[in-house]
Amino acid sequence: MSAITEADIESRIGVRCYEEEGEFPVERGYIWTSCASVENGNPLFWDDEVAEAVTGGPIAPPTMISVWFRPHHWAPGRTTQALPLQVHFDLKEGLGLPEAIMSENTIVFHEPVRPGDRLTTCQVLRSVSGPKTTKLGTGRFWVIDVEYRNQHGDLVGVESYTGFGYRRPEADGGAAGDGVPARAEMAGGAR
Amino acid sequence: MSATAPAPPRLLGDVRAGDHLSELAVDVTATTVVLGSLATRDWRPMHHDRDFAQQRNGVRDIFLNTPNQAAWFERFVTDWTGPLGRLGRMTFTMKGSIFPGDTMVFRGDVVDVATDDAGCGWVTLEVTLSVDGDLKTGCRVRVAVPATPDDNPWERRGDRWQP
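So the sequence lines, in the order shown, correspond to chains A and B. Sequential numbering of the first sequence, starting at 15, is according to this note's numbering. Sequential numbering of the second sequence, starting at 3, is according to this note's numbering.
One thing to keep in mind: the hints can contain errors.
[To be verified] For the chain B half of the interface with chain A, some residues (derived, Cβ under 7 Å), not all of them:
no.	residue
1	Ala41
2	Arg43
3	His50
4	Phe54
5	Arg91
6	Met92
7	Trp156
8	Arg158
[As the list claims (entries may be wrong)] Covered stretches of chain B (chain A as the covering partner; in silico rule of three or more C-beta atoms under 8 Å from a C-beta of chain A):
no.	stretch
9	16 to 27
10	70 to 76
FYI, nobody ran anything at the bench for these hints, they're computed from the structure. Glycine is no exception: its CB is placed at the ideal position from the N, C-alpha and C atoms.
So here's chain A without its partners, still in its complex pose (with noise of 0.2 Å):
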């Protein structure tokens, strides 16, 4: 992507783009994957019997649900390895700010998400600031939401992403501390 000017920010704030399909249905076999990743033992991952009773079947953790949208790391015929959160990237390289962070995430979730699912996504530039200086280096924040839908239209959640791009201090030896920002700067620059 070539250079992102202030107008093209402006003109893509709050449209939806990057509509698109998970590239494989919601399975119980990442679920249970996650589950063990974090030594979850809520019964309704793992007792079907709870989980009829609970929640009407079998669902996955909530927050697994930006799990359904990374792509594979390779797929036959695919020249160029597609990219979560494409816009993110976007901004990253049409800005020229090579180095990026996530500082805040906010996740609303609504109806289950059930194996089998078909799950739907898009993306929505919220806003971007302007220049910044954190301790990692000076860059911009910005906002983006993904909104995520099952295949019979429901919303199932909506993520909401506070990003830092960035580019490192000329002199920095790497020594660039924890990796995010200070929360000071973070809450004054994100919105």
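Starting from the known structure of chain A, fit chain B onto it as the hints suggest.
Leaving out everything else, chain B in the frame of chain A:
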């Protein structure tokens, strides 16, 4: 959690602002980080390649990704609510990274207890993830719990579910 708090399933009437959740401590290894990244289909190298993390991100090691931290917070909260607890909203504030060798400690406090117009019982929690006393991630959680013994938040749809 106070010593007198009942075991899950937890009802709205069991919960008071100021209640504490039981602390959870987890020793983080490289496996914790890599397993969490793969479980969330996050193939980015800073979550499995120490050289990349050090040279490109300027941090000391690979670090836990955000989606896996969300899964840890969910586990911490639903351990407390029981399976009838239904997450409505989570907001994360990242202040520092979690590395192999760290012991991450989750703590949670009840800051609000309320019932909405649809009769849904809501608990608001402030949950922290700290290492050696330093806050690494804060998480404000809005979770629905049964308002009565025969209430099930998971059965709420449409206007009856206001997360």
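The hints, checked one at a time:
no.	hint	in the structure
1	Ala41	4 Å, holds
2	Arg43	4 Å, holds
3	His50	11 Å, violated
4	Phe54	12 Å, violated
5	Arg91	5 Å, holds
6	Met92	5 Å, holds
7	Trp156	5 Å, holds
8	Arg158	10 Å, violated
9	16 to 27	violated (count 0)
10	70 to 76	holds (count 6)
When held up to the earlier numbered hints, the structure conflicts with 3, 4, 8, 9 and fits the remainder.
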